[in-house]
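Peer 1: By this note's numbering, the letter at position 74 of the sequence shown is numbered 75, and the numbering carries on one by one without gaps.
Quick caveat, the hints were computed from the structure, so don't treat them as lab data.
One or more hints might be untrue.
Stated by the list, open to error - Below, a list of computed lysine-lysine pairs in the BS3-like style, where the Cα atoms sit at most 25 Å apart: (1) K58 x K3; (2) K88 x K45; (3) K137 x K156; (4) K45 x K61; (5) K51 x K68; (6) K68 x K45; (7) K40 x K53.
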Amino acid sequence: MKIFIDECGDLGFSANATGFYVVGFLMLDNEWRINVDFKRLLRKWREKGKYKHDEFKFSKASDSIRKEILEELCSHDLDFGFVVLRKSKVHEHLRDDLNLLYRYVVIDPIMEMALPFLGEGERLRIVVDRSIPQRKLQYEFNTYVELKGYYYSRKAERQLPLYRDMIATEHVDSQSEPCLQAVDCLVGAEFQRFEMRNYDYHNIIEPAMKGELFRFLW
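Take the sequences, apply the hints, and build the full model.
Peer 2: Take a look at the structure:
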């Protein structure tokens, strides 16, 4: 199984920072359908002059395009979810280590929620946007994923824990990965809900959401 992860908002705590940080994730055994749909929609929008970019970005799309792609995604039986961080509730000691806070918010809740969807003995691949710049930080992130995969699989009393050789992390360019673009759209919808109090996009995806794939922190 692959888990595609993207975020919206920022983790800073300045006066101009966002109030929420939202992480979206999409679990897939086969990404072929989304790859085909995104290429088809992008080609259609560009031919009509409605969208000029090479990849889908929720922040760059018009309202009508956002809604069309959310409706397309929700027409499929997809397993996706969200982690919502209310930043005003973050403990002071975590505010001093944003790398640790990032790893915790992005990995711990998702790992715990996703494991029931992973078959016994099945390998897990985490796919994230190439937004972590330094190789050292990427290594620390990958190691954290492996440790948490093992920890939560033991906590869930799985017959076969997730050992390190059963988990892999990919840092890829979202322009080449339509499934990351799909998550960008989904997480953009939920960010609008919490940060902007705009429920228009949430109302489209809400019928397809699963309660066990939502976590609010703290």
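Peer 1: List in ascending order the numbers of the hints, as given earlier, that are violated by the structure.
Peer 2: Hints 2 and 3 are the ones this structure does not satisfy, whereas the remaining hints hold.
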